[in-house]
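Peer 1: Those sequence lines, one after another, are chains X and R.
For the first sequence, my numbering gives the first residue as 1, with consecutive numbering after it.
For the second sequence, my numbering gives the first residue as 1001, with consecutive numbering after it.
The set of hints was computed from the structure by calculation and includes no laboratory data.
Cβ coordinates follow ideal geometry from the N, Cα and C atoms, glycine included.
Please note that a few of the clues may not be correct.
[Said to hold, decoys possible] Computed footprint of chain X on chain R; a stretch qualifies when at least three of its residues, placed anywhere within it, have a C-beta under 8 Å from a C-beta of chain X:
| no. | segment |
| --- | --- |
| 1 | 1180-1188 |
| 2 | 1285-1291 |
| 3 | 1298-1307 |
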Amino acid sequence: MPLSMNAKWIGAGGATTCLVALGLLLVDAGGLWASGDDRLPHRTDLSLADRARVASVLMPLESFEAAQPFEAMSGGAASFTGTPDGNAFSRFSQNLSFEQEADFNIGDSLFTKLWVSSPSSTQASDGLGPLFNARSCQSCHLKDGRGHPPVDENDSAISMFLRLSVPARTPEEFAALESRALLRIPEPTYGGQFQDLAVPGLQAEGRMVISYEEEEVVLADGEVVSLRRPTYSVADLGFGAMDPEVMLSPRVAPPMIGLGLIEAIHPGDILALADPADADDDGISGRPSWVIDEQSGELALGLFGWKGSNPTVRQQSAGAFSGDIGISTPDAPAPHGDCTANQPDCLAMPSGVQDRLGDTEAPNPVLDLVTFYASNLAVPMRRNVDDPQVLLGKSLFHDLGCASCHQPNYVTRRDAATDAHQFQLIWPYSDFLLHDMGEGLADNRPVGDASGVEWKTPPLWGIGLTEAVNGHTQFLHDGRARSLLEAILWHGGEAEEARDAVVELATDDRHALIAFLESL
Amino acid sequence: MVRIKSSNTSLKPSTRRLLLAASALSVLAAPALTPAQAMDITPSAVLDTYADIALAAYTDSHISALALDAAIDALVANPSDATLNAAKAAWVAARVPYQQTEVYRFGNAIVDEWEGRVNAWPLDEGLIDYVDAGFYGVESDENDLFTANVIANESLMINGAEVVAASITPDFLQNTLHEAGEVEANVATGYHAIEFMLWGQDLNGTGPGAGNRPYTDFDVANCTGGNCERRIEFLVAASDLLLSDLEEMVGNWTEEGAARTTLLADEDAGITAILTGIGSLSYGEMAGERMKLGLLLNDPEEEHDCFADNTHNSHYFDQIGIRNAYTGTYRRIDGSVISGPSVSDLVAAADPALDAEVRGKLDATVTAMAIMRARAESIEAYDQMIGEGNEAGNATVQAAIDGLIDQTRSVERVVALLDLDAIEFEGSDSLDNPTAVFQ
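Produce the complete structure using the sequences and hints provided.
Peer 2: Structure representation (structure tokens):
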């Protein structure tokens, strides 16, 4: 049995941290270090010797004849090594202690908890809305995996919603964007997000309407792929007309795996990949998304969200509690969520705050526990890493330039807040930077540093298990792509050259590329 | 690495016996009875005991589920307060051996991947049957099936597609309704679905009382609640499914069964599986999710057997199962006892004081759970104990939580003693060991 639980014992017993695997690396590292070449000077969390080891293990690939050491364990020691079934995204980091496992499980219960409208008999569980997209976290993050657009007019849009904003028009609004106090100006009545549900007694904001147009792409080998180009609008508006300059941006819920490991990546490792002016002239820029970390008040890299708008799992979670469910937390304390001053009926609804329990609807430790849960969903181990077709696909992935943005690996910080995330070799396949993805994918709705054509490179780990976990293969920020190939063909802008190269691939090579992605 | 072996003849003789009830289970191949004899305490022998107890406890679960199934048949044939109460009593009895198997879930992937079919909770009862709208709420919509009520509706929308359930069959429950729409709370199978069928909603919050479904909900001639025929179909189908699922797990622990074979394939991993099961159930599952959360929210919905108000028994027998796994002893439902070489013996050979410490803490938690159980049976139910402002009730539950955490600390010391933490990394370079990690 692949009993991965063994890793739990690290730390539990206190004494043993086995470094058997490192002999080879240390030899390489010695060579590097002898040359005096410290390629990771920003990694002040590491000793000089560790820096050399890390630089060595992250060196560009020279051969694709065999799998790389450790590459199967996408999330390092935190990876889930059991059966990749429908629960493959719902497992905890396999190197948690029993105590951390308890926090994870409690967080899991809160993640699946259905919040109810106020007032209710279960006072610790009320406060829903008044406007909301979902009653629990899990109802959008189905199986902790990837959301999808509605199947048809009868299906709910539960794992997808629209973000709203308008251009800055007053000096105050320009100043707010300039200081990053706001990343976008909310629609004056409907706020920053379109909630299609409301508590009893209040009208919902309306419903999202999607229409698709099919467009054919002919590949070099003659295969025809149909892409569906979506158009988004709103209907049944509950609070009057929207601002004429409103900008809509659809979002599906992204997979929840590996988020704590991403937060444990050293910002210097990401900034080293940035090339805003394309100084190396490879056609790929890569710009960091700078946002304010509301815990520290400092600027930080935006790692989470389709446009990189949140620096931490905690901030992302607090935003989702507020915007998606209408539950206030100490980090986003408005009890009425996304209600605006132009929605007085919404502001007049009862809130779920009970003073004796705390000054928000979900007082501490609810957000702490949900954040811990969201930070510790394990990345499943890869399948078939040394299959010849997968290795061929991997070499194409690198040769065609996919890896320029879908950066394969990192070694996380030694000083990461959670011990389970420290010093792990991880394989997210993202540079966590903003890239121009072309007009085809553009939402034309800027957020912070991200322009209307830019998106943050999403991680690819676990992408091959989308069907096993969620029963579909719909990708990109709005789920428009119905297969990995369609998702590739939507790439434009900086990725256009790589996309065109995929169109030109021989059939077997294209299948190999997809096989590699499915092994992630 | 654990290599504890002793030829000391004073070790207790194996009394490994499988006194099989007169069950017609063909899958249950009884091991030959071993005469009392001195036996080496080897990891292999410890794993044999552990697997034998699993076989016996899942067999007992199946036997008691057969009794439940018979009681359900009697209820359906002749609905009355008496037959409904008999079915409820059979359900409570069926939980006794099953809860003692929960310790096998963590550490044995085959069990863990199967468990959601038989013991998933919490469940959205509105998926299954009528509910009290005032208590339950109707504004949901994030779970389209929140109030789908399959008993009242032959046609449902699942993921935007219409599903017709002209009759409610085990196949429909397992393959269509269970976790429909990928929502984990859409529980359509297992003990808790049957529990909801027999008891109905517990509308008493943190006040006294369990669910109170009338027997006439199953009386086609004088039907209350509507759709009695479909309600009966649901109950019978869920019971049939529980039987076949338990039978499958019994098969996994027979001599050639997949769970036993996997367990025995690697001795160190096997011993680790036993201790992982103990630690994860004690701390992560019980102390954390099942008990601490309820105290945190003071929410009566955060109760494991919430319709039947049987949570005290459920927790108590989980802890008995934990002690069984450590001591290598199990008292079957017919009163016979299985015991054999155990992790306790391994620990005692290396560090008798630590073994005494673990046994003492396991017993202390059993006592704390017994106090909680006695309170539930005499003063107030578990959902009342976790109510806001109930200091004595809260403290009773907290004492059991403290015991679970405390025993886990000692189990962690056992792991260190047996040096099990290094297993994963032995010879772990590159591709010989695909689960190797960079450290």
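Peer 1: Now look at each hint and say whether the structure bears it out.
Peer 2: Quick rundown of the hints versus the structure:
| no. | hint | in the structure |
| --- | --- | --- |
| 1 | 1180-1188 | holds (count 5) |
| 2 | 1285-1291 | holds (count 4) |
| 3 | 1298-1307 | holds (count 5) |
In terms of the numbered hints stated before, the structure departs from none.
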